[in-house]
Amino acid sequence: MSSVDARPGSAASVEKPRVAFWNDPEKRGYIFQAVLLAAVVYFVYSAADNALANLQKQKIASGFGFWNNTAGFDIGQRLIPYETTSTYGRAFWVGLLNTLLVAGVGIFFATILGFIIGIARLSKNWLVQKLATIYVEAIRNTPLLLQLLFWYNAVLKALPEVRDSLAIPGGLFLNTRGLFVPEPSFGPSFSWVLYALGAGILGYFGFSRWAKARQAATGQIAPLGLAALGLIVVFPVLVYFLAGSPLSFSVPELGRFNIRGGVQVYPEFVALVVGLTIYTAAFIAEAVRAGIQAVSKGQTEAAYALGLRPGPTLDLVVIPQAMRVIIPPLTSNYLNLTKNSSLAVAIGYPDLVQVFTGTVLNQTGQALEVVAITMLVYLTISLSTSLFMNWYNARKALVER
Amino acid sequence: MTSSASSKAYVQNIPAQVLPPPASMVGVVGWLRTNLFSSPANIALTVVAALVAWWLIPGFVKFLITDAVWTGSDREACLAKGGVLPGACWAFVKDRWTFMIYGFFPVEGYWRVNLFFLLGAIGLTWMLWLNAPRRDLGLIFFLVILPLTVYGLLSGNNPVGFLTYPMDLLAGKNVAMAGIFSVLLFLVGVFVGRIRNTSGKTSLVYGVIGLVGLTAFGFVFAKLWAGFGLSQVDTAKWGGLMVTLVVAGVGIVASLPLGILLALGRRSKLPVVKFFAVMFIEFVRGVPLITVLFMANTMLPLFMPDGANVDKLLRALVGIGLFASAYMAEVVRAGLQALPKGQYEGAMAMGLGYWQMMRLIILPQALKVTIPNIVNTYIGLFKDTSLLLIVGIFDFLKAIETARIDPQWAAPTTSPTGYAFAAIVYFMFCYGMASYARMTERRLSVADKR
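These protein sequence lines are chains A and B, in that order. Last residue of the first sequence: number 455 in this note's numbering, and the count goes up by one each step with no gaps. Last residue of the second sequence: number 607 in this note's numbering, and the count goes up by one each step with no gaps.
Any given hint could turn out to be false.
[Stated by the list, open to error] Going by beta-carbon spacing under 10 Å, a handful of chain A positions derived as facing chain B:
(1) L109
(2) N195
(3) L203
[Claimed, not checked] Covered by chain A, per the in silico footprint, the following chain B stretches (three or more residues, Cβ under 8 Å):
(4) 193-205
(5) 295-304
No lab work stands behind these hints: they were computed from the structure. We put the beta carbon where it would ideally sit given N, CA and C, even for glycine.
Same shape as in the complex, but just chain A (with noise of 0.2 Å):
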């Protein structure tokens, strides 16, 4: 079925031998790609035709008109304005929204938390080492599903009501409705204090640009990490205070039957950051590792034979190389994180699968946009990750002889 792979040279001066159609692979391939085809359009054909029957017979709407009707059900937590009264269109941003809350905040925990246990996994240290395997073989060979089910139904169900909620330190408090914690607000002022941040972190990148250039041209070597400091912390805090400390917490205060102020954060929402977080560590902890590993140990020799010692070595030599091998992985794991998230319609938690093809699909019964949309948002993310891991990876790949 394959054509033949034509060697220049050979295939032009060599007159091709009379053979039946039936036997010439160029020839075959044609008739295998025209059958595959048809089969396909085939297929395809009698499948929207039988959609389009079976959807009138049941009386069932087509097209995206549902987009703009009222969508009549509420949504627990959501990031923006949302009523009873808002359209389905309204609800698909509040669930999208919430994935990606959901994603943000799994991929910042997950990433911190694997990198630990990805370097526990590696350490002298044998009951560290030990813990670590522990870790990363248990959670990795149970199913998410029921890790989230267990943190959902059996830890935060089992929380004390709200009359005896846990006070944790710093004006948090913890029970069956979630997590209640000290409500930022943030006076006019305040933008300041993020200009100043964002100009620290320019400075800063500035700065080590000069000082990277500085080191090449003279091998003097500047206080970047002083710097970091200076420019990204002190300097945002010290325009803080000069604008008048234009930020406050309202805390929130236990009551009999409910918490007055503060933030809640929904308990579906814990459980699934906190299930995805731990699920999702174990793998990026092997990636880790893995990549860590990949860096051989003459790497570490020669730099040390050159005189550098153990601080830049690492800077310098084993973790760029690592960092080579491990962040492909890593993003794949981000995009397992996010399509894991879709895991979240069974706990309840308001995301673009339950609301989008939980909710509405039920409501409208139009299955194929629904999921048809849910697909594409999924399809998106994972599609213009995978362009940039290319581009990433053409970038970083070793330029070999």
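Position chain B against the provided structure of chain A, taking the given hints into account.
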């Protein structure tokens, strides 16, 4: 430090006695020093880790074993006594055990499920044990005989009823269906002939033998099956661990051939084939499994002609099978890419055709190096079967979820116990597969080292 008495020179001419290593470097003390207390930072780490272990491990042991309730007939046994909550409520698992394994399968049919477990174990051992005798037969058993037998056993339907379709041709009814199946059975015969290296007329003879022989077999078997009289069990009654294993098994059996085809398609030089393979793989890998399951659940019935009712479990199977095969395709592709180009060129120079080259030269080598990754995909597939509970299939996790909220066993520790049990079962399967992958990896690396 001795020197020879006969010489005045201070030159030592007999070897110095080998001293034992310092006491602090050997034995338990030495091990502790190097592994736990080698530096101040290490000591600090050890203390922290020991605290974590001290906090976690006794808690687990107490909950799961020493404080656990092992006997009892209802929730009373697992309630707090004297204000102290007991540990895991294993009595609950013991009581609901059959429900978690068999779901709503009729009690008198449990032997059928048990036989399914046994046959599955035999097929799996045959495939996984790398030195087992006649692994080619094992493959046929695993891929053809086992699925059909299990389908017949569990559903009670004649698993090879389709073999008698060509007979409708003689009666002149259902011509289209009968025609298609006649051609398929004929092709099976030709295929067997081809494997035995026949060509031309001999192949056609094999085809006719395949058609007639298989139809006759189907006819006889149908009579036998009817005489056997296995009661039919609707898939809605299947449940528990059995469904999880059925789904995982179907996924495992279906995803490898499909994945290989997709991988070959993706590396094909035919643009149309390549296009569809890439589209399928990237699409499926880009979306969460749950949306694929929703699609299979809500959209598949829409695509079917009016009146065709697709079984709910079958829909889920289609979803999981397609999903797993896309991932499998990428794993196989990695294996294909790892082969040096000389293997392809050598096969072509020998005059092998595309399929011969793949079957005899490329795939055996490519699949061998990918066994660990294939098993890892299977582990993912096995864990993913738990998502079936979201689309309303009664799998193992759903059985646990149903059992744990049973009012008869409502106690504070029931839910954690149910989840612990589920975790242990899933862990055993997945860890077993992972260990197998590691073992083959070691074995293969030995072969590579030479």
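Check: Among the hints numbered above, which are violated by the structure, and what are their numbers in rising order?
Finding: Hint 5 contradicted; others consistent.
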